[in-house]
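Undergrad: Got chain V; can you put chain A on it based on the hints?
Top to bottom, those sequences are chains V and A.
For the first sequence, this note's numbering assigns the number 1 to the initial residue and increments by one for each residue that follows.
For the second sequence, this note's numbering assigns the number 1001 to the initial residue and increments by one for each residue that follows.
Treat the hints with caution; some may be incorrect.
To be verified - Chain A is nowhere near these chain V residues, computed Cβ spacing over 12 Å in every case:
| hint | residue |
| --- | --- |
| 1 | Leu62 |
| 2 | Gly71 |
| 3 | Glu75 |
| 4 | Ser112 |
| 5 | His241 |
| 6 | Tyr272 |
| 7 | Glu341 |
| 8 | Glu342 |
What the hints assert, rightly or not - Pairwise CB distance ranges, derived in the manner of DEER restraints:
| hint | chain 1 | residue 1 | chain 2 | residue 2 | range |
| --- | --- | --- | --- | --- | --- |
| 9 | V | Glu51 | A | Glu1047 | 22 to 32 Å |
| 10 | V | Glu51 | A | Ser1134 | 47 to 57 Å |
| 11 | A | Ala1275 | V | Pro350 | 39 to 49 Å |
| 12 | V | Thr362 | A | Thr1295 | 22 to 32 Å |
| 13 | A | Ala1275 | V | Glu246 | 44 to 54 Å |
| 14 | A | Asp1174 | V | Arg297 | 23 to 33 Å |
| 15 | A | Asp1174 | V | Arg93 | 37 to 47 Å |
| 16 | A | Glu1342 | V | Arg297 | 37 to 47 Å |
| 17 | A | Gly1205 | V | Arg93 | 35 to 45 Å |
Hint data in this document are derived by calculation from the structure and do not stem from the laboratory.
Yeah, the Cβ is synthetic: ideal placement off N, Cα and C, and Gly gets one too.
2 protein chains.
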Amino acid sequence: MSSQAGPLTRLRRGHKELVLELLSKHGPLSRSSLGSLSGLSRTTLYEIVAELVANGAVVASLPEPAERKRGRPVEKLTLNPGAGQVIGIDFARRAVHVAAVNVAHDVIGTASAAHAAELTWPERVDLAGRLVHSLGDGSLDLGSLTAVGVGVVGPVFNPGDEATPARGVDGLPDLLHERFEVPVVTDNNTRLAALAEATWGAAAGSREMVYLRLSYGVGGGLVFGGSLHRGPQGLSGEFGHIKVVEDGKPCECGGTGCLETVASAGAVLDAYRAAGGTAEDVPALASALREGDATARDLLADVGARVGDVLAGLCNAVGPGLVVIGGELAATGPALLEPLEEALRARVMPLSRQWVDLRPATLGETGGALGAIALVLHESPVLSRYPMNAKSEEDS
Amino acid sequence: MSSQAGPLTRLRRGHKELVLELLSKHGPLSRSSLGSLSGLSRTTLYEIVAELVANGAVVASLPEPAERKRGRPVEKLTLNPGAGQVIGIDFARRAVHVAAVNVAHDVIGTASAAHAAELTWPERVDLAGRLVHSLGDGSLDLGSLTAVGVGVVGPVFNPGDEATPARGVDGLPDLLHERFEVPVVTDNNTRLAALAEATWGAAAGSREMVYLRLSYGVGGGLVFGGSLHRGPQGLSGEFGHIKVVEDGKPCECGGTGCLETVASAGAVLDAYRAAGGTAEDVPALASALREGDATARDLLADVGARVGDVLAGLCNAVGPGLVVIGGELAATGPALLEPLEEALRARVMPLSRQWVDLRPATLGETGGALGAIALVLHESPVLSRYPMNAKSEEDS
Chain V
1 MSSQAGPLTR
11 LRRGHKELVL
21 ELLSKHGPLS
31 RSSLGSLSGL
41 SRTTLYEIVA
51 ELVANGAVVA
61 SLPEPAERKR
71 GRPVEKLTLN
81 PGAGQVIGID
91 FARRAVHVAA
101 VNVAHDVIGT
111 ASAAHAAELT
121 WPERVDLAGR
131 LVHSLGDGSL
141 DLGSLTAVGV
151 GVVGPVFNPG
161 DEATPARGVD
171 GLPDLLHERF
181 EVPVVTDNNT
191 RLAALAEATW
201 GAAAGSREMV
211 YLRLSYGVGG
221 GLVFGGSLHR
231 GPQGLSGEFG
241 HIKVVEDGKP
251 CECGGTGCLE
261 TVASAGAVLD
271 AYRAAGGTAE
281 DVPALASALR
291 EGDATARDLL
301 ADVGARVGDV
311 LAGLCNAVGP
321 GLVVIGGELA
331 ATGPALLEPL
341 EEALRARVMP
351 LSRQWVDLRP
361 ATLGETGGAL
371 GAIALVLHES
381 PVLSRYPMNA
391 KSEEDS
Chain A
1001 MSSQAGPLTR
1011 LRRGHKELVL
1021 ELLSKHGPLS
1031 RSSLGSLSGL
1041 SRTTLYEIVA
1051 ELVANGAVVA
1061 SLPEPAERKR
1071 GRPVEKLTLN
1081 PGAGQVIGID
1091 FARRAVHVAA
1101 VNVAHDVIGT
1111 ASAAHAAELT
1121 WPERVDLAGR
1131 LVHSLGDGSL
1141 DLGSLTAVGV
1151 GVVGPVFNPG
1161 DEATPARGVD
1171 GLPDLLHERF
1181 EVPVVTDNNT
1191 RLAALAEATW
1201 GAAAGSREMV
1211 YLRLSYGVGG
1221 GLVFGGSLHR
1231 GPQGLSGEFG
1241 HIKVVEDGKP
1251 CECGGTGCLE
1261 TVASAGAVLD
1271 AYRAAGGTAE
1281 DVPALASALR
1291 EGDATARDLL
1301 ADVGARVGDV
1311 LAGLCNAVGP
1321 GLVVIGGELA
1331 ATGPALLEPL
1341 EEALRARVMP
1351 LSRQWVDLRP
1361 ATLGETGGAL
1371 GAIALVLHES
1381 PVLSRYPMNA
1391 KSEEDS
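Next comes chain V alone, as it looks inside the complex (with noise of 0.2 Å):
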């Protein structure tokens, strides 16, 4: 992680994320320009600027003819707009969503496709690099890819890692790696979709953020400093997994009355059969909902008061403010998310109540494959912050 590299090595981060900074906020400017902003040595400049200039960051131009003043033209710099392009491809269960975003942060397209669940690894692979190529109507240019940024189900260890395979996928960077020929790096994909919705969706601009995911896994994410909080060992998020039912149903993690036991999408549907009521899937409830069905709006309110309970004890822990709720079961509308907030008010600290700001995710099921490529932009050293600094260019 960044934050535990050598100080020069952060320093030197810092010089070139300095010089992105001054020429996004400045525009084009001359090398000694750039030096008397960013305070660096002529040597330490050159270098860094030649290094930004040769992977396609920042290009050298001279001025147009009819711009020239007297002399020898000045050789000006600026940020390459096409430069920077990053791809996020996230693995889910039983599908696969590939995103594409550019240098300026515009989204350029997204795409999803469905997979039998046996689909083999190598078949997910080939299935993603063709939806990357249906994407953004011949805009997406491979030849300026920067990184490939990757979601997969379950816990990564050494999350943001290149050379880290997520558990039981161990082959897969190495697949991405050769198909895509550039940096991959990978987490889980509900963090992901975390952070996400932190840079794109219900959060955007947010450094403190509370994410759960409600489908037929129950997760979600902590975006803490505007970055993923992953714990030391990768396995923060597992809000499905905090014991909510003594001696409950068991869990697929293992355990017995997990928070996924009551409020998966899965328990919730079973539920709902087990008293009476008909629905193959969370649109049938949704929909079942909408028709007045009591039994489901009772079903819905529990789930929600359970999962405000669980809510309101992460808040007292890490503090109030934004909770995003986002996953399948989030569609149910206010079904869930008015008993939720209810139940989420009352048990937080009454100190605490007036900071909660609940609201539901708005980024849908490609958050992960947007959250992949969020996860590149903050992480890779050059990029770090560059595309945020490229949008504040119309500020100045």
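TA: Showing chain A alone in chain V's frame:
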């Protein structure tokens, strides 16, 4: 907070840290060697060195005549071993604790004094001043005092910010500033005890840690990436107000059934007496335990299990790792900590179990004051990382 400083400020801090780190690694260096090692321009380097010399962190000296070679002698720069003494003051409910640390990270001394709860703030500050002057057998040089770190009871909304008073303690920073004439930074004293354990105590050197304090109040702190996690409103670490009993007893926070209502020292003593035991305070309870009192044993087993539940949920959320238990109640030892650890391991998700590492706190009642010093050392731009680096001088 430092993480929200602008890029130029961040970079400037990075420059200072680099200069301090190079001096600590290489020993005495000339300005020109420092220039080539750091990559900084002459102008930037001279400005930074001038600032570091002015605030006493760095001293410039000419070589001894015997060591001189031909030509004009070259001034060398070194870290000032006497620079940057920091004091920490913990204003607890009924006591003041102080500690002083020098730039080499050595604890010069600690002192404590109990007082009546109704003591006014000017009186408490006077008491703190007298305690500070009693430290270190006169080796404390208040002339080289860099800053005062302060811990207070209750939430602190903008912790680490010099200008921000603690809630309900509006005049305190001014009183302290008048008294010591150096910058004052403030945070919640339980959170500071967490930082102290991660710096000098049970979790020394750990970058990730959960700290829980079981005293007459129940609270804690989270250290993530080597820094205190405060939450957006400075309201994190309120583990004592996580609800554990449905329709439970009223809590000081205004809620009901909080962990504090069952696991604080007061709650445990009340429950012990209600069950027929006799104990005025925690030492009396501990002595009953040693004599084999089954009521005390069963009670602490229940309390431990309850606390373990809460910690398991917390480890699932923020990631399993080092958990440190402090506060007076922790002094009851295995009677509390064994059932606590058992519940924690049983309730954390199975995949995470192996990563849980439970330890008793080691710093005792001066933890808050030491943490206030750690706060200054971590957050002050100039001294950030400085003492750590001064330590590594021995390594190279």
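Undergrad: Just to be sure I understand the hint, the distance between the Cβ atoms of threonine 362 of chain V and threonine 1295 of chain A should be within 22 to 32 Å; is that true here?
TA: Given a distance of about 55 Å, which is not inside 22 to 32 Å, the answer is violated.
Undergrad: Classify the label on glutamate 75 of chain V as holds or violated, using whether its beta-carbon is more than 12 Å from each beta-carbon of chain A.
TA: Consistent with the label, glutamate 75 of chain V stays out of reach of chain A, its closest Cβ about 20 Å off (over 12 Å).
Undergrad: Non-interface claim for serine 112 of chain V: all C-beta distances to chain A beyond 12 Å?
TA: It holds; serine 112 of chain V is separated from chain A by about 28 Å at its closest Cβ, greater than 12 Å.
Undergrad: Using the beta carbons of glutamate 1342 of chain A and arginine 297 of chain V, state whether their distance is inside 37 to 47 Å or not.
TA: holds (40 Å)
Undergrad: Measuring from beta carbon to beta carbon, are alanine 1275 of chain A and glutamate 246 of chain V in 44 to 54 Å?
TA: violated (23 Å)
Undergrad: Against the range 35 to 45 Å, how does the distance between the Cβ atoms of glycine 1205 of chain A and arginine 93 of chain V compare: consistent or not?
TA: holds (39 Å)
Undergrad: When you look at the beta carbon of glycine 71 of chain V, is every beta carbon of chain A farther off than 12 Å?
TA: holds (25 Å)
Undergrad: Given the hint of 23 to 33 Å, is the C-beta distance from aspartate 1174 of chain A to arginine 297 of chain V inside that range or not?
TA: violated (56 Å)
Undergrad: May I ask you to test the hint 22 to 32 Å on the CB atoms belonging to glutamate 51 of chain V and glutamate 1047 of chain A?
TA: Given a distance of about 26 Å, which is inside 22 to 32 Å, the answer is holds.
Undergrad: Is the hinted range of 47 to 57 Å satisfied by the C-beta distance from glutamate 51 of chain V to serine 1134 of chain A?
TA: holds (56 Å)
Undergrad: Given the hint of 39 to 49 Å, check if alanine 1275 of chain A and proline 350 of chain V actually sit that far apart at their C-beta atoms.
TA: violated (30 Å)
Undergrad: Please confirm whether histidine 241 of chain V is truly not at the interface, meaning its C-beta sits more than 12 Å away from all C-beta atoms of chain A.
TA: violated (4 Å)
Going through the hint list in order, the structure does not satisfy hints 5, 11, 12, 13, 14, 15.
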